[in-house]
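Undergrad: One letter stands for each residue in the lines below.
6 protein chains.
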Amino acid sequence: MRPSGRNLSQMRPISIETGVMRHAEGSCLIRCGNTHVLCSASIEDNPPRFLKGSGLGWVTAEYGMLPRATNTRNRREAAQGKQSGRTQEIQRLIGRSLRAGIDRVALGERQITVDCDVIQADGGTRCASITGGWVALRLAVNKLLGAGVLTSDPIVDHVAAVSCGIYAGQTVVDLDYAEDSEAGTDGNFVMTGAGRMIEVQMSAEGATFSRDEMGQLVDLAEAGVAELVAAQKAALE
Amino acid sequence: MRPSGRNLSQMRPISIETGVMRHAEGSCLIRCGNTHVLCSASIEDNPPRFLKGSGLGWVTAEYGMLPRATNTRNRREAAQGKQSGRTQEIQRLIGRSLRAGIDRVALGERQITVDCDVIQADGGTRCASITGGWVALRLAVNKLLGAGVLTSDPIVDHVAAVSCGIYAGQTVVDLDYAEDSEAGTDGNFVMTGAGRMIEVQMSAEGATFSRDEMGQLVDLAEAGVAELVAAQKAALE
Amino acid sequence: MRPSGRNLSQMRPISIETGVMRHAEGSCLIRCGNTHVLCSASIEDNPPRFLKGSGLGWVTAEYGMLPRATNTRNRREAAQGKQSGRTQEIQRLIGRSLRAGIDRVALGERQITVDCDVIQADGGTRCASITGGWVALRLAVNKLLGAGVLTSDPIVDHVAAVSCGIYAGQTVVDLDYAEDSEAGTDGNFVMTGAGRMIEVQMSAEGATFSRDEMGQLVDLAEAGVAELVAAQKAALE
Amino acid sequence: MRPSGRNLSQMRPISIETGVMRHAEGSCLIRCGNTHVLCSASIEDNPPRFLKGSGLGWVTAEYGMLPRATNTRNRREAAQGKQSGRTQEIQRLIGRSLRAGIDRVALGERQITVDCDVIQADGGTRCASITGGWVALRLAVNKLLGAGVLTSDPIVDHVAAVSCGIYAGQTVVDLDYAEDSEAGTDGNFVMTGAGRMIEVQMSAEGATFSRDEMGQLVDLAEAGVAELVAAQKAALE
Amino acid sequence: MRPSGRNLSQMRPISIETGVMRHAEGSCLIRCGNTHVLCSASIEDNPPRFLKGSGLGWVTAEYGMLPRATNTRNRREAAQGKQSGRTQEIQRLIGRSLRAGIDRVALGERQITVDCDVIQADGGTRCASITGGWVALRLAVNKLLGAGVLTSDPIVDHVAAVSCGIYAGQTVVDLDYAEDSEAGTDGNFVMTGAGRMIEVQMSAEGATFSRDEMGQLVDLAEAGVAELVAAQKAALE
Amino acid sequence: MRPSGRNLSQMRPISIETGVMRHAEGSCLIRCGNTHVLCSASIEDNPPRFLKGSGLGWVTAEYGMLPRATNTRNRREAAQGKQSGRTQEIQRLIGRSLRAGIDRVALGERQITVDCDVIQADGGTRCASITGGWVALRLAVNKLLGAGVLTSDPIVDHVAAVSCGIYAGQTVVDLDYAEDSEAGTDGNFVMTGAGRMIEVQMSAEGATFSRDEMGQLVDLAEAGVAELVAAQKAALE
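Residue numbers (UniProt numbering), protein chains in the order written: chain A, 1 to 237; chain B, 1 to 237; chain C, 1 to 237; chain D, 1 to 237; chain E, 1 to 237; chain F, 1 to 237.
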């Protein structure tokens, strides 16, 4: 009954390839089905101005999409002269999510910028960016630990994200574009490796949902994030 | 234990004054404690281009804040030459929320723009904007019904919003600025008059939350929204 | 013969309510008939860069208008990405006018920013902004004097402004929108409490005016400003 | 006593050279002492959208300054990405002034754009732009009359402008930069060939002026504009 | 003597992988050593406005670089709000080059946009973009031919580009970043499969070059482009 | 056979008038036929930030065009809010070209900005800007030498530029607008007084050119630049 033929609780195939950008301190290409995102983590020793002297570090994120990542070509944001509201909303979400998994004291006064660029889009790009972005961040931090710049690990836990929604009256996990564009309600769930919640966003456009449906979506999300965390672990081995 | 001395489940005093802007088709000044937002609804017979010929209407929203609505002066967005990511995120949320309470076929090919301008800020401005914005929208639609332009009411139900969060380890409703700036987790809950969910956003910065805490926050939100809906009804009588 | 039924030399009812914005060092809501402007004064201890080390203070102003302050909705300047030429012209005028009533040595190296936001417009918004902006400035300076930060008063005199114009062939004071949009000549007059001139702007669009008419407009303005100064005094008592 | 050695009522030497830009329908180079402005008038058969079907014409103006027109180099506005408030204020003034001398019905549904570019600046650039801009406009209209496109002359009268101010306590005409930067009060006066007023702007920065001084400034302006109108006539012969 | 150990006339290894972006009408990933560019071609049936009714087609290009394609992170152009002069110069070059190989009558009134996004940079990104962009264009045109939308092939010949320069006093082909940043003279040569010239750009920064050296650079370029054309042919088989 | 009746190798009349802008350290008005460019050189003792402490100087350029320099009026870039890609490409070329004739060590830590503003355009504006810009630069450096600020001359050689192209199947020098808009191939050649190459740009739009034609274009350019250098020398005597 799902356009892809998947079960209601079936994730798309996940692949995470590390070390794909030779200049970045950490990088990966994450593929969730036909959604492909290139993630890199860049370490800057100069923290942003508001942190000077605080002893705290910062993790921030930027998000972009190639013009032809989508079915019809989108205008290039650099050519339009600004990032859309959607782009800003997404990159703020990625940054907040990754910071929730970091001990900013242990990171010290430096900034890590995680760039997530969507090469191909088929729904769920913000979730893939968080899951892949965390892998790039993990690799960059490993470099700092390996070089002895950091002596204790500032990464507290895994961070991963999945979308769930109500499609054709049923709760489903990991929506692809065909589902996403039809779903009356959809949500994004960011969680830790231990299953604690970082961010929950459920949204109905032209419909509403019950508290019971909300519970079912969270159930699906918990199982989905567990699969993603396993994929992160496998990629890092 | 709350800075304001309120109980954990106690809302701030709510006041909604209607008809405060003589030119607007609908308007109100909503006060949630020291958060004051001026809301207006403007009817435009020309729908946005993407609706031409569809027979469907549109509700959209814009959000702003006076430079000295806050404790220290913020730079004016018009002078900076762009709306911040935060502003865009908020106005997208208000628009989505109000559309969830509208029958777009019944509205017909017209657009209603709801402007929410924060005169004074003390936490919870986006929620107050949704609650007050709905009143302005209701009044503008009443005008269309009264003039016979519309014959069936496109408004399906009330829409109202409240914030909840975890402050000093306890779940509290309707956070003011003192609480909001300290809360490890906070969320915004948009619901209908019938108690169905439109939008749920829970976010942890530098912390995480459990599924159990999530449930408590939703409980608080359901009670808070019920109070707001009652205040909307009283203001419209 | 005036649309409002006023005499040629009759001002609209003036009301100035102080202390309306809890965070600002000085604030008021000025109402000149149906023109309502919210004015706040914000003290910043860091003067602008060009004053560093000069010992001189600065007063500057910013002006805005809510999208639905007017009969039909105007586009929000923050959303358009720039302030219009009209807005910039008005805020430069407000700043120059208020500086003319200030002793910049006595103010010392600090900046006071006066924000004037039009809540409802019915002609004469720039004049109301100057008259109300001066009250906000006065209150902010009182706070500095009260706290002992300043020991001598940098405010030299009242500053107030009124518009006059030629409507239907007759010189009238304090034009409302119905008159302003029809007037062949209109002018703005900024004066001190002692009746000295700060700024005189008379402008004819599609018409011209004689030196004799110019004299009559100044007569009307002198009487009008005297009334406004009296209203400022009353509001501050 | 004036830095240039001129009498209080003495204008700078005026020269107006016509036909200096081969592509423009009308053009001139106006020199008021060391202030040099290149003015062109461009006829566009497409009127701006707000005039479609009205039968009325439009005259508008744009103003610019070469980066090294001034003593120290100014940043190029095109490189900065926006026109300053000062530039916008000036070009609005030029446009309003020129329109006051035009019969928009006789002009018919077309637009004439007058570009005023300051090649060298020594005070009074906006006044020189108006005086020279009118000559360019006159020449462009002559072309339309000569070609039989227009049969009645839409130009009602000459338009010219001069600055006056209070320098070292004395009222003087046609301020150069050395005077302008020191003057406590300065004003711009736009008048017709018949001596009627189009625009009067007097402004005090850090000082005030009396009604009597205002009268003296107007006297000086009337004589100055008469000289400029004579120079316009000579240039067009 | 070259940092990479290559001979003076030795190109870097070339690889062109086609069909890498599922939504695009044509796409490839071109690798010239460590320079990797993702190229896509998008067909739009609506030609740009200036072509309406002309019967002619258009090919245009856009260029971008991921922030961490380079050794240190570059600021994202979308976040900066504009494309740099360098970016605009490059995308204009790509567009001009590809149009030189197209029969615009045979293409008909449609536009093909070629996007070139640098995933990893090591010198020569604009040349790789042209060479890879042509392959994407070829594939998109093949789709139009295959679908019978076009009946005669609008592609006249291959287009490919290589850089040459004077490094450490010697003329070398296909400069990598280490060479490019040190070269006194460098040039870009765009040619057809038949060896005719489309674009030649030679530039000396802080040095000059002789006509004889110019000849040597062209010799190197002719041989290099021939290798690139062979690689294009191999990739398309 | 050329629209102007010139021989294939005949330049347009050249005139260079120096000292035309009283405030600039160096200036000239260059006329190449009907192409007129006003060039100024401005010395700034503060070098750009990237040179601080390097001991090296910098020469940069900006380019603009008056709106009515052309046959039909162009929109003013300052009003559009950005410089076009073409403008940026041209000013980068002018800057690079002038730097190639400068010893940056001898110049010392200062910046000279060369502004080239096209007053009237008839093809070849970028070449005229380089040729005239060099004269302005030469005059500004003379001022530094005359004042004893510099003791050795940082100018190594003349820099001048000419366009050549293939018009109606024949190679011609110094294209005017009528030729430029029809030419299948056109190029810009920047050379030193000694005849060494600084920049060579040949470009075919919708056509291609042979290596033999390339040689003919360079021959024409060498002779043309020699004439321009002679004109520079004459103007400076």
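Simulated from the structure, these hints should not be mistaken for lab results. Backbone N, C-alpha and C define an ideal beta-carbon position, used for all residues, glycine too. There's no promise every hint is true.
To be verified - Across the chosen pairs, the derived CB separations fall in these ranges:
1) F:S210 x B:R86: 34 to 44 Å
2) B:A106 x A:N7: 55 to 65 Å
3) D:S54 x F:S210: 33 to 43 Å
4) E:G85 x F:P13: 28 to 38 Å
What the hints assert, rightly or not - Here are the simulated DSS-like cross-link-like pairs (lysine-lysine), alpha carbons at most 30 Å apart as the crow flies:
5) A:K52 x F:K143
6) B:K52 x A:K82
7) C:K52 x F:K233
8) D:K82 x F:K233
9) D:K82 x D:K143
Undergrad: Now tell me if each hint is right for this structure.
TA: How the hints compare with the structure:
no., hint, result
1, F:S210 x B:R86: 34 to 44 Å, "violated, 59 Å"
2, B:A106 x A:N7: 55 to 65 Å, "violated, 38 Å"
3, D:S54 x F:S210: 33 to 43 Å, "violated, 58 Å"
4, E:G85 x F:P13: 28 to 38 Å, "holds, 33 Å"
5, A:K52 x F:K143, "violated, 45 Å"
6, B:K52 x A:K82, "holds, 26 Å"
7, C:K52 x F:K233, "violated, 47 Å"
8, D:K82 x F:K233, "violated, 39 Å"
9, D:K82 x D:K143, "violated, 33 Å"
In summary, the structure is inconsistent with hints 1, 2, 3, 5, 7, 8, 9 from the numbered list given earlier, while agreeing with the others.
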